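J.: Position chains B and C relative to chain A; hints supplied.
Residue numbers (the working numbering), protein chains in the order written: chain A, 1 to 388; chain B, 1001 to 1309; chain C, 2001 to 2343.
There may be inaccurate statements among the hints.
Selected chain A positions facing chain C (Cβ under 10 Å, derived; list incomplete) [unchecked claim]:
| id | residue |
| --- | --- |
| 1 | Val77 |
| 2 | Ala114 |
| 3 | Arg141 |
| 4 | Glu167 |
In case anyone wonders, no lab produced these hints; they're calculated from the structure.
Note that this is a predicted model, so its numbers are computed, not measured.
For each residue, glycine too, the CB sits at the ideal point set by N, CA and C.
Listed here are the chains, written in short residue letters.
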Amino acid sequence: MKRTVSIIIITALIWMGCENRTTSPGVTDTEILVGNIQDLSGPIKELGLLIPAGTNMYLDYINAQGGVHGRQVKMVVEDHGYNPMKAVVAAKKLIEKDQVFCLYNVIGTSPAEAIRPILEESGVPLIAPATNSSSMSDMSRQAAKYIFHTDAGYDLQTRVLIDYILENNPEAKIGIAYQDDDYGANALKGCAEAEANHGISVQKESFQRGATDFVGQTMNFMKGGCTDVIIGGVVREPVTIMKTAQAIGYSAAFYGLGPTVDPRVGLLAGEAGEGFIAVYWAYYPDSDEPGPVLYQELCEKNNVPAKMRGLYHYYGFATAHVLVEGLRKAGKYPTRKRMMKGLETLHNWESGVFPPMTYNRNDHAGVESVIILQLQGGKQVAITDWRN
Amino acid sequence: MTSLFTDINQEIVSGIALGSIYALIALGFTLIYKATEVVNFAQGEVMMVGAYVNFFFVTQFSGMAGGLNGWVFTAALLGSIIFALLFGIILDYIINRPLKDEPVFSIIMATISLAIILRSLTAMIAGPISLVPVSPFGNNTIKAGGVVISVLDLAIIICAFILMALFFFFFNKTRWGIAMKATSADAEAAQLMGIPVKKVYRYVWMFATLVGVISGVLLAPRMALLDTTMAYLGLKAFPAAILGGFGSIPGAIIGGILMGVIETVSMGTLSFHFNWVKEINDIIVWIVLIVVLMIRPDGLFGIAKVKRV
Amino acid sequence: MKGRYDDENLKWIPILIIAVYLSPFLLKSATFSYKYYLYILNMAGIYMILTVGLDLLSGFTGLMSLGHAAFLAIGAYTSAILVDQAGLPFELSLIITPVIVGLCGLMIGFPALRIEGMYLGLTTMGFGFIVKRLIIAFRDWTGGSAGLQVSKATLFGFTISNDWNNYFMIYTFAIIAIIVARRIVKSKLGRVFMAIRDSEQAAQASGINIAKYKMLSFFISGMFAGFAGVLFAHTNHFISTDHFDILLSVYFIVMVLVGGVGSIYGAVLGTLFIVLMENMFIPLFKDTLTQYMHLEAGDFQAFIFGLIMLLFIIFQPMGLYGMWLKMRIYWKLFPFNPRKRFT
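So that you can see chain A by itself, here it is in the shape it has in the complex (with noise of 0.2 Å):
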């Protein structure tokens, strides 16, 4: 019994497996296919789930107006886990298999990183990867110039947050808490720029992706004589720290980077969170602009659960005005290279969600410019304007 199920179930498998399809590289006439490669099942699958909501919901609301150049927008969403080499299967799967127009979204540095050779090899635009590491706007790298990256990276936030404390207070001692991945050596890049700028050094203390106890970190700042403290991390971080320094009666200013703007930091810190600083990049989503503006107003009108709403949802709204306005780009006649050369033609281009950008043949990287912003009573107030 037991071996005729298995039989059974293998056959079923392998039958599966075998399923062919063929249509034309992504473009019928009523629908264009885009492929988004998220982490459904690793440790950041809130991501997963968030980010395709928000393009979803942004998607829905181009494609009720017609779609581009009459044609559907669909997104097709594959998981990698976090892990390059899954990362690298789900590429392949949905450019061969599944024939997707162009990739977006895709989450992770290293995973991003990792299907480079896919990108140079099949010729498919990797529209805003979902990272801010400045490596993926490094025009100078493999496949560079099929990779369309909005983020500013996070050592351009970490420089202008240093610039902006220094202005301020020019006898400040900074201390920086970064996370020992990509994510933190691209801030202390940046934190390395700002130390040569201004002659100052910067007290470094490490975390682990994941970790739950800061005392060792914050006791450090407390004895470094550290004024002002930049946090690289994501939610748990700034709350634990800022609660920490509050419980062993250490007083500094608090500051973190993009990933920090999130309203559950407000929420969860509390009291020890009021006048937390943070840099973003984009059109914050509680800020009067158009882009957010219009984020509020489809958020209404499709009743999304308040817990969803946010950074990241906003993220994925966000990131799907640069891939529709790459579909438009590209013609009537959608073909790869039409979107590429279409997308380098924007200059100064506003979309209501980031600031004016600007792609060319050098220039792939997007954003190229920050703002600061405050936790006032629980709700980020911008407190400067654009800098870079």
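T.: For chains B and C alone, kept in the frame of chain A given last:
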């Protein structure tokens, strides 16, 4: 030398709190290993399931009671404990029984697949969005002798020691405990002596899930956000369990606390004074472990087994 | 466990080898998206080389290793550095890297002389963490946590650039690796390994130098992993510490176990089964299913994977190879109630 050791007291106290969490997870490993010689790789996942279940109960009960209060947390804890006992019985049925006579290798793999299943099933049921657990002790802290500790941490430490004492007493003084010891020494002989081996195994799994769930309940509020990555703490508790010697109850606690203190101090004082320590912060526990194992291959409190041909 | 090769039938081997070389052509004519399937097969081929080596260590010598992803990482990074930064030809790297990784294996083999069973498994797991951290620490050579781009392989003046060429290179080496492993198992060395696994004391009493052979087992296993690492680096063209997660080591053990511990063919079958299932069958199954119902795809995939593994271990603890043996004996002895003859 005083400058080197400024504030080290605070770090040690925080390290003990962190270590008590490792100790609680390690205790779960130890209980199962003691009776069945199986290393349960899913212990971290059991803890995570416990945290989720407790969160569910807290939300449900607070909805019924119309707000959070002490009774809600007590009732949720009781609910989680009942769940843990049932869960242990289920795990005994699906992992332990079918694989009774298989090589240890297979059982370990079964626990690994169980870990994958639990993690994905939890995420499928609860959704991938992180939850925000509430601490029954709020943000309260206690200050004593220049050292600060949160009430939650204190509760974790106390809980770890109470559970250790309970199980230590249980294994050494009660009939059932001695029956369990006998089963682990030789299951067949124990059966012939009239010990209900099946029941022994079931109780062991129930105890282990109970410890796992309690540690999950206590740990969740400490994490600020609750998601399935919490299960990876199980991996970090391994060195603690081995350091103390798998199968030794005081060993698990002392190993856990040692690991917690080493981790916190290396992240704090050590990396403040020696820059290169930052590079090895997250592997320092493993280095300590390998060095200890080279000297004592059965861990600090493990007892070497006599081998026969 | 006794040796399982006594009644082996070798005449199928050449046919199998020819089938391996013919299958990409079949695949190409059968489906338009053959590159996707080839890539997965390539991955299985690389892992096969490693799991065969792991089987020699864990299955035959009885030394559990949860750190084989680290050996793979050392191999990949060493080769990348040797070829791209030191300028060594790829062919030379194919010889030097496995030896270097084998020496790293010796380093781990040294504590293994005293540490046993689960303790050893977890020590090697710690080794995995340590290697990952060291790769990040030597960021001048390895590129740190940002990862490292690797050049394409050039074998005797012939650049191996796409999945098609990769397939033939990888499977040629995989077949060589499997043959070598089979020779080892069949030789005196293999019997010594099995003697150590079955009873260390008995082996020692028969005059076997246990320390020497345990170290040797680690060395050989490391060499296989190093070899796989070289191919891994030069066919993926990008390596980072995220590739060599601790979970990968666990998967390697799973592959050996699903195939059947202590059989070379088992390791090969298990690798194929797990890699194909995880990367091909389950995603396609999910694709078919999502047409009819809405589900959280990623977790669903992981859930199915875990479930299949658990059911497999519970119902087929002998692994795929054991299943095959059972089936064969069933047919051989067909009318005579064969169920009772095989236990």
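J.: Compare the structure with each hint and give your call.
T.: Each hint, compared with the structure:
1. A hinted interface residue such as Val77 (chain A) counts as satisfied when its beta carbon comes closer than 10 Å to some beta carbon of chain C; here the least separation is about 7 Å, so the hint holds.
2. For Ala114 (chain A), the suggested interface contact is upheld, since its CB lies about 5 Å from the closest CB of chain C, less than 10 Å.
3. Hint on Arg141 (chain A) holds. Least Cβ distance to chain C is approximately 7 Å, under the 10 Å limit.
4. Violation of the interface hint for Glu167 (chain A) is found here, the shortest Cβ-Cβ separation to chain C being roughly 30 Å, above the 10 Å cut-off.
In this structure, the one hint that does not hold is number 4.
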